[in-house]
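Construct all of the structure, not just a fragment, from the sequences and the given hints.
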Amino acid sequence: MSLIRIALAGEGGQGVQSVAEILTEAAYNENQQTIYIPNFGLEQRGGVSIAFIQFSDKRIGAPKFNKADVVIALSGRAVGRTAGYSDENTLFVYDSGFDFDKEDLPQQAKKIIAIPAVDTANQKLHPKVFNIIIMGAVIGLTNVVSFEAAKEALEHKLAYKFEKDPSLRELNFKAMEIGKQMAEKSLQEEVDNND
Amino acid sequence: MEKIIGEPKKAFMTGNETVAWACLAAGADIMFGYPITPQNEVMHYWTRLAPKYNRGFLQTEDELSAGFTTCGAVQAGKKAFTATAGPGNVLMQEPFGMAEAMRLPVLSIIQQRGGPSSGTVVYSQQEVTLTTYGGNGEGHRIVYSTATHQEIYDYVIKGFNIAWKYRFPTFVLGDGYQAKMREPLEMYDPEDKGIEIIKPYPLIGIPGNIGESREPQHLCNIYSLEEELYEVLMKVSAEYEAISPEIVEFEARYCEDADIIIISHGVVSRAADDAVKILRAQGIKAGYFRPITLRPFPQQQLRDVIAQSGAEHLLIAESAYGQLERLTKQEIYGETVKIDNLFMPGVGIIDYDIIKKVKSII
Chain A
1 MSLIRIALAG
11 EGGQGVQSVA
21 EILTEAAYNE
31 NQQTIYIPNF
41 GLEQRGGVSI
51 AFIQFSDKRI
61 GAPKFNKADV
71 VIALSGRAVG
81 RTAGYSDENT
91 LFVYDSGFDF
101 DKEDLPQQAK
111 KIIAIPAVDT
121 ANQKLHPKVF
131 NIIIMGAVIG
141 LTNVVSFEAA
151 KEALEHKLAY
161 KFEKDPSLRE
171 LNFKAMEIGK
181 QMAEKSLQEE
191 VDNND
Chain B
1 MEKIIGEPKK
11 AFMTGNETVA
21 WACLAAGADI
31 MFGYPITPQN
41 EVMHYWTRLA
51 PKYNRGFLQT
61 EDELSAGFTT
71 CGAVQAGKKA
81 FTATAGPGNV
91 LMQEPFGMAE
101 AMRLPVLSII
111 QQRGGPSSGT
121 VVYSQQEVTL
131 TTYGGNGEGH
141 RIVYSTATHQ
151 EIYDYVIKGF
161 NIAWKYRFPT
171 FVLGDGYQAK
181 MREPLEMYDP
191 EDKGIEIIKP
201 YPLIGIPGNI
211 GESREPQHLC
221 NIYSLEEELY
231 EVLMKVSAEY
241 EAISPEIVEF
251 EARYCEDADI
261 IIISHGVVSR
271 AADDAVKILR
281 AQGIKAGYFR
291 PITLRPFPQQ
301 QLRDVIAQSG
311 AEHLLIAESA
321 YGQLERLTKQ
331 EIYGETVKID
341 NLFMPGVGII
351 DYDIIKKVKS
361 II
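Just so you know, the protein sequences line up as chains A and B, in that order. End of the first sequence = 195 in this note's numbering, gap-free, step of one. End of the second sequence = 362 in this note's numbering, gap-free, step of one.
Take the hints with a grain of salt, since some may be wrong.
[To be verified] Think about it this way: if two alpha-carbon atoms lie no more than 20 Å apart in a straight line, the pair counts; the simulated EDC-like pairs of lysine to aspartate or glutamate are:
| hint | chain 1 | residue 1 | chain 2 | residue 2 |
| --- | --- | --- | --- | --- |
| 1 | A | Lys58 | B | Glu186 |
| 2 | A | Lys64 | B | Asp353 |
| 3 | B | Lys10 | A | Asp57 |
| 4 | A | Lys67 | B | Asp192 |
| 5 | B | Lys9 | A | Glu30 |
| 6 | B | Lys356 | A | Glu88 |
| 7 | B | Lys10 | A | Glu152 |
| 8 | A | Lys174 | A | Glu163 |
| 9 | B | Lys356 | A | Asp87 |
| 10 | B | Lys285 | B | Asp259 |
| 11 | B | Lys9 | B | Asp192 |
| 12 | A | Lys151 | A | Glu170 |
| 13 | A | Lys67 | B | Asp353 |
| 14 | A | Lys157 | A | Glu177 |
| 15 | B | Lys277 | A | Asp57 |
| 16 | B | Lys10 | A | Glu30 |
| 17 | B | Lys10 | A | Glu21 |
| 18 | A | Lys58 | B | Asp351 |
The hints are simulated quantities; they were obtained by calculation from the structure and are not laboratory data.
Here it is in C-alpha cells:
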C-alpha cells in the first residue's frame, strides 16, 4: 500500500481523535507504518478538531501534509475548515445530517460525497457511536486497515467499557459495519462534484 | 540497573510518552517541572509511571524553580531532569546558565512551540538559538535535535550519559509535532544493548577531608575578580572544544555528487530526506545533511561534505526565520558555496515545499 493521507475533522467532543487513535493502532498492529498527529490549540473544548493520519508500507516523512487523499468533515464548520486540504485527487466526504453553506465545499476534489452518519447513529443505533460509524466509513472508503484489525483495536481501546456492559461491544461492532457499508454504497453511487 | 522494559518491545505512542519511558529506562530518579504545552504529557506520563518504579516528581511554582531544583538535585547525586517549551524555556535560561557555570549534569527536554512570547502552543523550530546559546554565557551546552520517536528514546538515554560523563548541561530538542504525534518505536533496557549507564554521583557533601583525601569541590557561579572568572571560562571553553569532536553527530546522504545540499534538523529533516529522494528520481542531484548535535555543531563534517561534493548551493530549510542558518553560517565561515534558505517560522515543512524551492534555485 502506498502512502494514504487522511484528514478527519469534527467538533471537539465528537470523538475524531479517538477514531484516529484506534485506526492507527490497528494499522500499527498490522505492521504498517503509520503516523497520527492531532491539531491542538489553546481551547480546552469546542472548535474544530482535526486528526492528520498517514498510512504507508514505507517510512513516513513529515507528520503533517498540505493535501489529503481523503478528507472527512463531520460538522458544518469542519467543512470550511478542511476544504483547503482538498485538491483534484482528494475524496471529500461530509455528513449529510447538518446544514451548511455549500459554497464552503472545496473548489477542487476528485469526488465529493455525503454520508448520513449522524442520522443513522441517532435513528438506528445510538448517538454515542457516531464516531465509530465514521471509523467504519473510513475503512469502507480506503481499506487502510482490515475490518478485523480495527475490531481488535476497538476492543482494546474500549475493553473497560465492554466489561461493564457487554451489549456495547455488539453496538460498536454494528456501528462499524454500518459505517463501512454506508461508505461503500456512497462510493458506488458516484455522487460527484457536478451533481 | 533496574530492568524496566525487559525484552525489546515495539510501541506506538506519542513523543512525550516516549520521553517518560526513556527517562525511566535511563534510571532517572526525579523530574522537576511546570506545565506548559506541548510538553505537558511528559509530566503526565512521568507522574503515572514514577510511583510504580519508586521515582520522584515535584511540580514547582514556575520554570525558574523547576530549573533550579533540577540543578540542586544533580548536586545531591540524583539523576534529575526537566522538560519545558517556549516561554518556559526562556525562564529556564537562568538555571541553565547556572548549570553551565557549575558544570551540572542537567538533562532537559525541550518541545519547541511557536514564538515569540506565547506564540502558539503547536510547533516551531524557533528555540534553536535559545537552547544552544541562551543565557548570559558562552553556550557550553550539548544539544541533540531529534527527528523520530526512536531518536527521542535513544537520545534521552544517551543525553543522561553525556551529561554525567562530561558535565555540561544537555538538551534533547524536540518540537510540538514530535511531542504530540504517535509513531512506532522500539523500547529497550539500555544495558541489554550494551549501553553502559553512567551512575549519578553526588557533587557536594562527598566523604573525605579536603586537602587530605580529596580535592575541594569548587562549584561556583559567582566570582569576586574578573580574572578568576576569565580563567575559569578559558579553561571550560578549551575543555568544551576538546570534547566536541567526540560528541558531534550528523547524517549525510547523497552528498558525494550533489549540486545542492539541503541542510535541515529535527523533524524537518524527515521532509528533506523525502525531498532529496524525489529530486534524485527526477535527475536533480540533491544531497542531505543534518546536524544531530546543534551544539557542538558538526562543523568539520559539513565543510568536508561541501568540499567533496563540490556543491554550488546549500539550501537551509527550517521552521524558523534563520536560526539554523545563523548557526550554520558562523560554523562554516569562509566557505564560498551559495546559501539559499527556506524559512517557514512556526509552521511545518513538507517535501513539496523543499522540492519547489530547490527547483527555483537550480
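Check your understanding: Which of the stated hints cannot be reconciled with the structure, identified by number in ascending sequence?
Key -> 4
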